[in-house]
Amino acid sequence: MQSVRDIMTTTVKTIHRDTLIGDVEGIFVTERISGAPVVDDLGNMVGFVSKSDISRFLATNEDPAYARVFEITHFKVISVEPSASIGDAAHKMLHGHVHHLVVMDEENMVGVLSSLDYVEFVARNSDRS
4 MQSVRDIMTT TVKTIHRDTL IGDVEGIFVT ERISGAPVVD DLGNMVGFVS KSDISRFLAT
64 NEDPAYARVF EITHFKVISV EPSASIGDAA HKMLHGHVHH LVVMDEENMV GVLSSLDYVE
124 FVARNSDRS
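Each residue of the sequence shown is one higher than the one before, starting from 4 at the first, in the working numbering.
In case anyone wonders, no lab produced these hints; they're calculated from the structure.
One should not assume that every hint holds.
In the DSBU-like style, the derived pairs of lysine-lysine whose C-alpha atoms are separated by at most 35 Å in a straight line are [as the list claims (entries may be wrong)]:
hint: 1; residue 1: LYS54; residue 2: LYS16
hint: 2; residue 1: LYS95; residue 2: LYS16
hint: 3; residue 1: LYS54; residue 2: LYS95
hint: 4; residue 1: LYS54; residue 2: LYS79
hint: 5; residue 1: LYS16; residue 2: LYS79
hint: 6; residue 1: LYS79; residue 2: LYS95
Pair by pair, the computed Cβ-Cβ distance ranges are [stated by the list, open to error]:
hint: 7; residue 1: TYR69; residue 2: LEU97; range: 17 to 27 Å
hint: 8; residue 1: THR17; residue 2: GLY99; range: 26 to 36 Å
hint: 9; residue 1: GLY99; residue 2: GLN5; range: 16 to 26 Å
hint: 10; residue 1: ASP108; residue 2: VAL49; range: 10 to 20 Å
hint: 11; residue 1: THR14; residue 2: GLY99; range: 19 to 29 Å
hint: 12; residue 1: SER86; residue 2: ALA62; range: 17 to 27 Å
hint: 13; residue 1: LYS16; residue 2: GLU123; range: 13 to 23 Å
Quick reminder that beta carbons are idealized off the backbone N, C-alpha and C, glycines included.
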C-alpha cells in the first residue's frame, strides 16, 4: 500500500511571516505552488498560507499594499505523518476543509501534500479504459 511519503512534495518553499502578501502571490506563480508553510525568524513553522487565503484577503481589502502574510496565516496547521495511508490523508483534507497537509516526521517538516498531488496519484493509477 502506498503512503503519503510516495506522493508528497519534498521540496518545500516556505514563506517568512513578514513577507508582503503581493510578494507571496509572485512566489506562488514562480514556484508553481498553491500554498506554503509560514515560518518565523528562526525558521520554525508557525502556520500555512494558500492562494485561497490571498484571494479572500484581496477581495475584502481595498489597499493590501503593506499587508503581511501573518495577517492571513492559518496558525492551526493540519499535518500528517509520511507513513500515513493516502486514504487517511484524503480524509484529513476533506474533514479539515483544506487543500494542503504539512507532512511531519516527529517534529520535522519533511514535505507538503496537496490535493493536486492526490489527483495526480489517482490519475497515474486509474484504469484508462
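Here's how the hints hold up against the structure:
1. Of the supplied pair hints, the one linking LYS54 and LYS16 holds, its CA atoms being roughly 14 Å apart against a limit of 35 Å.
2. Between LYS95 and LYS16 the CA atoms are separated by roughly 22 Å; this keeps the pair inside 35 Å, and the hint holds.
3. As the CA atoms of LYS54 and LYS95 are separated by approximately 19 Å, the hinted pair is consistent with the 35 Å bound.
4. Taking the CA atoms of LYS54 and LYS79, the gap is about 17 Å. The hint holds against a cut of 35 Å.
5. Distance hint between LYS16 and LYS79 is fulfilled; the C-alpha atoms sit about 19 Å from each other, no more than 35 Å.
6. For the hint linking LYS79 to LYS95, the alpha-carbon distance of about 13 Å falls within 35 Å, and the restraint holds.
7. In this structure the hint that TYR69 and LEU97 lie 17 to 27 Å apart at CB is violated, the actual value being about 36 Å.
8. Checking the proposed 26 to 36 Å range against THR17 and GLY99 shows it is violated: the Cβ atoms sit about 20 Å from each other.
9. Taking the beta carbon of each, GLY99 and GLN5 are about 21 Å apart, inside 16 to 26 Å as hinted.
10. Between ASP108 and VAL49 the CB atoms are about 19 Å apart, so this pair conforms to the stated range of 10 to 20 Å.
11. Here the CB-CB span from THR14 to GLY99 is close to 23 Å, well matched to the stated 19 to 29 Å.
12. Distance hint for SER86 and ALA62: a CB-CB separation of about 39 Å, inconsistent with the stated range 17 to 27 Å.
13. Separated by about 18 Å at the C-beta atoms, LYS16 and GLU123 satisfy the suggested range of 13 to 23 Å.
Checked against the numbered hints above, the structure breaks hints 7, 8, 12 and satisfies the rest.
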